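Engineer: What follows is the residue order along each chain.
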Amino acid sequence: MLRYSAKQLLNMALTLFAVSFLVFALNELSPGDVARKVLGPYASQSQVDYLTVQMGLDRPVLVRYAEYMGKALAGDFGDSVVFRQPVSALMFDRLGNTLLLAAISFAVIVPLSIVLGVLAGMRERGWFDRAVSVFSSMCASIPEFAMGVFLLGIFVVWLGWLPGTSPLRSDTGWSLWMQFVLPVLVVTFYDAGYLIAMVRSSMVEVMRQPYIRTALLKGMSFHGVVRRHALRNALITPFTVILLQLNYLVSGLVVVETLFAYPGFGRLMLEAALTKDIAVIEAGTLIAVSVTMLTQLFGDLGYMALDPRIRV
Amino acid sequence: MAEVLAFEHVSIAYDSRAGRQNILNDVSFVIGEGEALGLVGESGCGKSTVALAAMHYLPRGMSLTEGRIRVEGRDLARLSADELSRIRGNRIAMVYQDPMSSLNPVMPIGRQLMEVPLLHGETDERAAFRRAVAMLEEVRLPAAEAMMERYPHQLSGGQQQRVVIAMALMAEPALLIMDEPTTGLDVTIEAAILALVRDLRAKFGTAILFISHNLGTVARVCERIGVLYAGRLVETGSIATVFRSPVHPYTRGLLGALPRLSGGHRRGRLRPIDGTIQAADRARLGCAFAPRCSFAARRDCEERPVVMVAIDAAAQHLVRCARIDAVVAGSAVDGPPASATATNDQAPIVLSVRNLSKEYRLTSLFGGDRKGAVRAVTGVDLDARAGETLAIVGESGCGKSTLARIISGLLTATSGEVTLDGVDLAGISVDDRPPDTRRRIQMVFQNPDSTLNPSHSIAYALTRPLRLLRDLASGEAKAEVLRLLAQVRLPSEMADRMPHQLSGGQRQRVAIARALAGNPGVVVADEPVSALDVSVQAAILNLLGELLEQSQLGLVLISHDLALVRHMADWVAVMYLGRVVEYGPADQVFSPPYHPYTQALLLAAPTPDPDAPPVVVLEGSMPSPTDTILGCPFASRCPERIAGLCDTTPPPIRRFGEHRISCHLEIDAERAQPPAEAGGRTGMRSSSA
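Just so you know, the sequences run in chain order A and B.
Counting with the numbering used here, you get residues 5 to 316 for the letters of the first sequence.
Counting with the numbering used here, you get residues 10 to 698 for the letters of the second sequence.
Since the hints were derived computationally from the structure, they do not count as laboratory data.
These numbers were taken from a predicted model, which means no experiment stands behind them.
Warning: the hint list may mix true and false statements.
What the hints assert, rightly or not - Beta-carbon label-pair distances, calculated as ranges:
| no. | chain 1 | residue 1 | chain 2 | residue 2 | range |
| --- | --- | --- | --- | --- | --- |
| 1 | A | Ala107 | B | Glu181 | 48 to 56 Å |
| 2 | B | Arg498 | A | Gly228 | 48 to 56 Å |
| 3 | A | Arg7 | B | Asp656 | 42 to 50 Å |
| 4 | B | Glu92 | A | Ala111 | 37 to 45 Å |
Stated by the list, open to error - Sample of chain A residues lacking proximity to chain B, with all beta carbon distances greater than 12 Å (derived):
| no. | residue |
| --- | --- |
| 5 | Ser48 |
| 6 | Gly60 |
| 7 | Leu99 |
| 8 | Leu104 |
| 9 | Phe132 |
| 10 | Leu235 |
| 11 | Leu274 |
From the three backbone atoms N, C-alpha and C, an ideal C-beta is built for every residue, glycine too.
Let the hints inform the model, and build the full structure from the sequences given.
Structural biologist: Rendered as structure tokens:
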């Protein structure tokens, strides 16, 4: 187990290294001059050239990459040319906001999906199963922006119970917690719809297994069988998928963040991409890749804990 | 004798959108305290439904439409869910086919065993634990306490089934229902499980309802038998009566269709039952078997219900047949005619295998072979002859399928030769073989459903090899398809059908026709009939026999079924752990002297014979193919091993003419005791040196 984790962490470092180089090289190849971007369209060519030399942009790619990596290892990812502040400070702030939103959403989505999915799947084609299936496919098929606008219409425009934007500032007249309600709700509806369907189909599959019949014909009650024999087996397949949602929740919330003016990581990345803010894109990519790889590692370890057939 | 389980005129129907279908029809039987009743029948006859109905656990859509089912006098249909829970696992318990999937994969088996007493009155965890350990010892599992911590996947198939049996016996039930408990297990493991069931039955006095498609396994455990056909019980009686003097034409058909160890060589044909069972047969007013029965008369058999009639005075032997007199007066039932021709070792060799080995190196992440190797096949020597069958027998993991795959080029050998038409093919995979060589070796697989593409017609499936391998123009190919269908006894209109419109037997005929399409010199058939019902199996075996007689084809038959091998084979190779331990003409291999493993296999094979001898139970299981074997591969399980010799020194090859046995024992005909089945056949050995 320890050896496996160590090996996976080593793999992770190698992957991060490769990804960082790819992103660095790609940005290098993309059109547009960094110095020109910083100085604006009215600067003279000599000013641009001067800045290029001053920023060290005239040196070979590999040298600059090595320098970048050296600094990055020490926590310095350079400065954002758009926001004119260190990338690490900027990231720290935005990433914190996103992680908060992701954590709250995850804490709602996972128990909700497991409970609804298991209850639906334990009696395949029962009334509850049908109701949950309709609900989950509806949620999963309505895009976030549509769901967001729909909920905004009800809770902000019509009822006036909740704020329409969530900039996470206390001067808006709404408490911070109230600002979280709508973003979390939109993310939950959209994501839980999919997870419920996953858990349900896994549960249906497990309930058809011969060992469920064995347990029932031992004289165990139906609910006893669901609790003791079906539950753990039913969670094995969806487990990895549940953890994969973390990737989505960290780097895929662009739409929700934009919709509610939420100062998050996804929006930062979008803005950086639109303005070619290279230092931010590079750091953001590394963070997104790390999150993916970490969830994968936790997924594997949790998988092993759930299923004794899997050993490394 | 108090009754434990009683079915009284039970009918069960399945309702679906397509309408109502009868699954069971007027089934009646009684199992008394400590009695064992075997129910036999082919797939779809409703035997598993009987088992589930006795537990009052019918699949969705099925319901009891008539009759009553009583357990210890209580009508199951009148019990509440709580009362049922108290009976299930406590008074009746069940053992299932496929033990692996019947055990919860994520729960240690100890916990699963302890649940039974804890559900039925035991409150003390430690007492439940002790009872579970004691029961594991009863089913002869080694190191029972350590076993409690294991998960199902850490046990072998035989061990898993012992755990399931232990679980069923935990509450000392009055009735044990066993649904195909040994199907899918190897012969020697099966023999050990059946011997265990017999012993436990004697010890606990449990009544048994034993369900199987295999007449031989039923004979090992039960004293009474019931034969099911299309949801109806057609004959019941004691094992001895039904096997010696069956009355119902279906029972007679089943017994006649079965290849037997004592039956000798195939030149005597098996008697397949004509036709196949149709879904509509279940709904017949009269006899469901009438459409396939040569004694059927319209007035007696089809126009009114046929009831069970007692044959003997004590009403122990009951038969559901309207034409008993005609049937009994008609042909007498006997085994297939005795063998006539001896093996002709003058037949030319079409394929020869010399010193063939296949190893898989286990490599670690960074290369190198520190972890050793899997030796799937080691030093195999064999010949396949024109017009004859070379059978390769052995239990799962013995390397027989690997050998078949090397011959056909699906795998390549590590060393050794496979010579066909003077060319060594051992190292050439099928993709690299020239079309003419590819054409000469064809395969027939176990499961015809998965080898035929479901979206292509039969004609297409047969045309492809004709065009690819023989380069025929489309007109020629069309005519050839019809010739091939005729050769495998399929009507020509089958050409336009799709695979799903054919029965399992018909699909296997198509698979054989496809193999014949290339005019092969050698056909390798890997368990060609083990997925088929007995009555269909017989017809396929007869077809293979005819094809061999008509052509110069060499058949390599891979099988685990010794009776089938006895029936089909001219030459036999017995494999164990990747090596051939005995090889020779079939008549010599099936008569003494034997290799101890061959002898164990012969004794373990379940035979439909009420007087079958007790089995010798082999200890342990086959070593892993990664183990380094210094001496004889069978030494770890051999009942006659010589300590200090067999496990350290490779055995010498003892030759008796063409017959080879690799064993340290001084083998001579007097020492080896023949099994009773083959007992009358010792005289056949006169041809060997």
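Engineer: All hints, please: hold or fail.
Structural biologist: Hint check:
Checked against the hint of 48 to 56 Å, the C-beta distance between A/Ala107 and B/Glu181 comes to roughly 54 Å, which is consistent with it. The beta-carbon spacing between B/Arg498 and A/Gly228, approximately 55 Å, falls within the hinted interval of 48 to 56 Å. About 35 Å separates the C-beta atoms of A/Arg7 and B/Asp656, a value inconsistent with the hinted range of 42 to 50 Å. A hinted range of 37 to 45 Å for the beta carbons of B/Glu92 and A/Ala111 is consistent with their spacing of about 43 Å.
Interface exclusion of A/Ser48 from chain B stands, the closest Cβ pair being 58 Å apart, more than 12 Å. Against the 12 Å criterion, A/Gly60 stays outside the reach of chain B, whose nearest CB is about 40 Å from its own CB. For A/Leu99, the requirement that its beta carbon stay farther than 12 Å from each beta carbon of chain B is met, with the minimum near 35 Å. For A/Leu104, the non-interface assignment is confirmed: its Cβ lies about 34 Å from the closest Cβ of chain B, beyond the 12 Å cut-off.
Every CB of chain B lies more than 12 Å from the CB of A/Phe132, the least distance being 16 Å, so the non-interface label holds. Its closest Cβ contact with chain B, about 10 Å, brings A/Leu235 to no more than 12 Å, contrary to its assignment away from the interface. Every beta carbon of chain B lies more than 12 Å from that of A/Leu274, the smallest distance being close to 40 Å; the non-interface claim holds.
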